[in-house]
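Going line by line, the protein sequences match chains B and D. For the first sequence, numbering that gives the first Met the number 0 begins at 0 and goes up steadily by one. For the second sequence, numbering that gives the first Met the number 0 begins at 0 and goes up steadily by one.
Okay, derived cross-link-like pairs now, BS3-like style, lysine-lysine, Cα gap no bigger than 30 Å in a straight line:
id, chain 1, residue 1, chain 2, residue 2
1, B, Lys208, B, Lys575
2, D, Lys13, B, Lys575
3, D, Lys13, B, Lys183
4, B, Lys159, D, Lys32
5, B, Lys479, B, Lys288
6, D, Lys73, B, Lys575
7, B, Lys174, D, Lys73
8, D, Lys115, B, Lys183
9, D, Lys32, B, Lys183
10, D, Lys115, B, Lys174
11, D, Lys32, B, Lys309
12, B, Lys133, D, Lys74
13, D, Lys13, B, Lys309
14, B, Lys577, D, Lys73
15, D, Lys74, B, Lys183
16, B, Lys577, D, Lys74
17, B, Lys579, D, Lys32
18, B, Lys183, B, Lys133
19, B, Lys579, D, Lys115
20, D, Lys73, B, Lys133
21, D, Lys32, B, Lys577
22, D, Lys74, B, Lys579
23, B, Lys479, D, Lys13
24, D, Lys73, B, Lys183
25, D, Lys13, B, Lys577
26, D, Lys73, B, Lys309
27, B, Lys479, B, Lys579
28, B, Lys485, D, Lys13
29, D, Lys13, B, Lys579
30, B, Lys528, B, Lys549
31, D, Lys74, B, Lys174
32, D, Lys13, B, Lys159
33, B, Lys174, D, Lys32
34, D, Lys73, B, Lys579
Pairwise CB distance ranges, derived in the manner of DEER restraints:
id, chain 1, residue 1, chain 2, residue 2, range
35, B, Ser14, D, Asp35, 52 to 62 Å
36, D, Gln31, B, Glu99, 36 to 46 Å
37, D, Ile107, B, Lys579, 21 to 31 Å
Honestly, the hints are just simulated from the structure, not real lab data. Glycine residues also receive a C-beta, built at the ideal position from the N, C-alpha and C atoms.
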Amino acid sequence: MEKMVNFKINGIPVSVPEGTTVLEAARTLNIKIPTLCYLKGINEIGACRMCLVEIKGSKALQPSCVYPAAEGIEVLTNSERVRKTRKKNLELILSDHKRECTTCIRSENCELQKMSKELGLEEVTITGERSGHKVEVNTAIVRDESKCIFCKRCISVCNKVQSLGALAAANRGFKAIAQPIFGKSLEEVNCIQCGQCVINCPVGALYEKDDTEKALSFIDDPELYTVAVTAPAVRAALAEEFGYPIGTDATGKMVTAGKMLGFDKVFDVNFAADLTIMEEGTELIGRIKNGGTLPMITSCSPGWINYCEKNYPGQLANLSTCKSPQGMIGALVKTHFAQMNNIDPKKIRVVSIMPCTAKKTEIVRPQLSNNGMQDIDVVLTTREYARIIKGAGIDFKNIPDSAFDEYYDEGTGAAVIFGATGGVMEAALRTAIEVITGEVSDKVDYPQVRGVEGIKEFEVTAGGLTLKACVAHGGANIRKVMDEVKAGTSPYHFIEIMACPGGCVNGGGQPIVDAQTKAVIDIRAERAKVLYNRDANNPLRKSHDNPSIKRIYEEFLTEPNSHKSHELLHTHYEAKPKYK
Amino acid sequence: MSKQDTITNFDAVKEIVATYRDMPGCLMTILQKTQDEYGYLPFEIQDAIAEELGIPTSEVYGVATFYSQFSLVKKGDYLISVCLGTACYVKNSQLILDRLALELGIEIGATTEDYKFTLEPTRCLGCCGLAPVMTINDDVYGGIVPNDIPDILAKY
Ligand code: SF4
Ligand code: SF4
Ligand code: SF4
Ligand code: FES
Ligand code: FES
Chain B
0 MEKMVNFKIN GIPVSVPEGT TVLEAARTLN IKIPTLCYLK GINEIGACRM CLVEIKGSKA
60 LQPSCVYPAA EGIEVLTNSE RVRKTRKKNL ELILSDHKRE CTTCIRSENC ELQKMSKELG
120 LEEVTITGER SGHKVEVNTA IVRDESKCIF CKRCISVCNK VQSLGALAAA NRGFKAIAQP
180 IFGKSLEEVN CIQCGQCVIN CPVGALYEKD DTEKALSFID DPELYTVAVT APAVRAALAE
240 EFGYPIGTDA TGKMVTAGKM LGFDKVFDVN FAADLTIMEE GTELIGRIKN GGTLPMITSC
300 SPGWINYCEK NYPGQLANLS TCKSPQGMIG ALVKTHFAQM NNIDPKKIRV VSIMPCTAKK
360 TEIVRPQLSN NGMQDIDVVL TTREYARIIK GAGIDFKNIP DSAFDEYYDE GTGAAVIFGA
420 TGGVMEAALR TAIEVITGEV SDKVDYPQVR GVEGIKEFEV TAGGLTLKAC VAHGGANIRK
480 VMDEVKAGTS PYHFIEIMAC PGGCVNGGGQ PIVDAQTKAV IDIRAERAKV LYNRDANNPL
540 RKSHDNPSIK RIYEEFLTEP NSHKSHELLH THYEAKPKYK
Chain D
0 MSKQDTITNF DAVKEIVATY RDMPGCLMTI LQKTQDEYGY LPFEIQDAIA EELGIPTSEV
60 YGVATFYSQF SLVKKGDYLI SVCLGTACYV KNSQLILDRL ALELGIEIGA TTEDYKFTLE
120 PTRCLGCCGL APVMTINDDV YGGIVPNDIP DILAKY
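So that you can see chain D by itself, here it is in the shape it has in the complex:
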């Protein structure tokens, strides 16, 4: 995958804004739909949304940074989420997270330079019976130990 390109085609933004603009509290929905479309919300997209809605860009930015569901930077093709919920935490999921950071050579929350992996901690995934749990996109790995990590990563 290429690195973070500047987006120049805003047709989808215009369409999304046109569809939802009359809904009360439309900004959240518009941001969600736009993120689904582009994968993230870089500043040129936020600026385009503001321009279409006729509101200051700073308002869009304020909302986009307030909610953790929005990402301002492009994520990797594979999103690795490590559960830090109570059940997983007591089974040392922090060590799993740290090992992943070490293997990938990135900080927690960051994306590898080749945009292959993004590493994030997450709250309870609802499958505490498998603790400690991590997911890579739709694949779920339960009951793992730090030494399993290299083999798991090698599959991608």
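Looking at chain B on its own, in the form it has when it is part of the complex:
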């Protein structure tokens, strides 16, 4: 049995398992202690000193985020001394912070702003030189050093969770700063633009490059035909931006809002997810039968593609040649859809709504252009989509649901789960097993590949073939799996890899949830539930049963991995240097 420790917080007795911090213990009493640098399990370094508490008998105030509960101690979380010191510390932090809440991207969802309000800080009396000034704009991510409070959460996430080491705590003293290593830009180091640092930054120091104006200018131009396409994971989180609880399904309103914004069509990327299964499944079976490069690894996460090109350039042949669903649907809108509807593809603009920042780097790859046209013209993250909805004055809470437009409408249950780790694997199994055996299988659910465990292994036998598979998400898990592939010891046929921990539901473009909420709610699991519910409630559970998929092969592509598919739906990769 766990050893319990008994002590008092503000005079209230509390009993918690040994090893619990005072911060966590207070939470069990519904007492919230303010924090800034704390990120559960990832950044527990006691740096910001905002969580200070008084321990009776101990001279100095102690940071509760790292202070372990101990038998018999008496903790005060709200004494005059605590309040004064916290305010002073906050003032110090704010004195080196560019305070401009009215025009800041994080206003109303900023841990620093919220704390300032909660502590009742009235003014900042400390003045002096400010340390950071530089604003660095990359393809997907912007760094604003004037807002950085040096909490180091981004550094820990990039190092420990993503195992990329793109950001470091450089220099010391007043000059200390969280910066890409070697004083370069993120684009010039090992950064994959996954945005995990962005969704874990407490303030407006890291954010997506805003492309909302570009998207709106397409809609405004009467000459252009604008198409919005939405990724599976967006519907699982968008509602949070409008005050709904985590885990709310926003599919119908998401579509309605797109139509109200003025898009000529709102299509579902889920359609292309089903298509990916057809193409990728066929590719996998081909590789197994014909002695192709194995394990074959999924290619739908552009953060992962960036990761592989920079860190495992020798393993590019293991990647599936399939474009991501975003790339596929973009290419089809400008060919198939344009032809069938007599629209000049040069006049079409595809705006892709994604849970991901790295998607912004994907669309500018030369491989994702045809006849001088990009498959996708602009990517908006879930957060940017919410901003243009708010900007247009659309009352999200009160708008009705609507359905996607015909041609590329909502896919099967197999497609919607692409947004969670293990989803692509499960979708692929549903189709591959039927293709291998030639029989309809009543097995649809593969709970073994679901859930947030970092590396999931799975084995299935069908038609005399044993398929060994593995699912990995988050850079550190990816590294373990890929080191085996590199060493030639990987036992798998097929690996699903997503750069972001939890998959796209927790992508770098998703709504930002503060650290204290994330300490108690696993947002990856809550958002994934939305997708698995949609899957369970969809009468079509397998990609090959999607009637729109059948139609596009009959009408346009002939068969999976056909010449036409290769031309439009497949791609190639290039080794890239880690440093420029």
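Given the coordinates of chain B, assemble chain D with the ligands onto it according to the supplied hints.
For chain D with the ligands alone, coordinates are given in the frame of chain B:
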């Protein structure tokens, strides 16, 4: 001397890491030894150390920039150090430093384009009796005034 070349031979790094990797707190020692070997710690060297140790490059970089003893850029053949310790400072060593910067056409802390001189301020050198003091590699110059600088530089 040539300009800052990219280093491609990491044999020495591998050897140094292999020798010290099991020592507790080995990173400091490894960085010191590597700097002794290559003269400075450019990013490709830091990356190679990280790779050998199996730690993120950002950790190596964090330590390398935290301590002033490490240099990330290649230094000149001659390191000019001007003491800004109290004894020297009150004898106007700042003026010496400024004059050097003017003569060399570089900022304090920088290296001349031909990688001949690097100019740095330093703390007390322990020979305050000679104040103001400057050193050029192993040569010590004491009791100097700004107008001595051109002649001193001409010797190198
Ligand atoms: S980061 Fe937060 S506190 Fe700072 S300006 Fe933006 S909203 Fe305000
Ligand atoms: S975007 Fe991803 S890889 Fe780049 S610095 Fe942030 S966490 Fe690291
Ligand atoms: S960029 Fe954000 S997460 Fe990183 S240290 Fe600065 S404030 Fe913290
Ligand atoms: S020191 Fe505890 S939250 Fe920063
Ligand atoms: S102060 Fe310059 S040598 Fe001591």
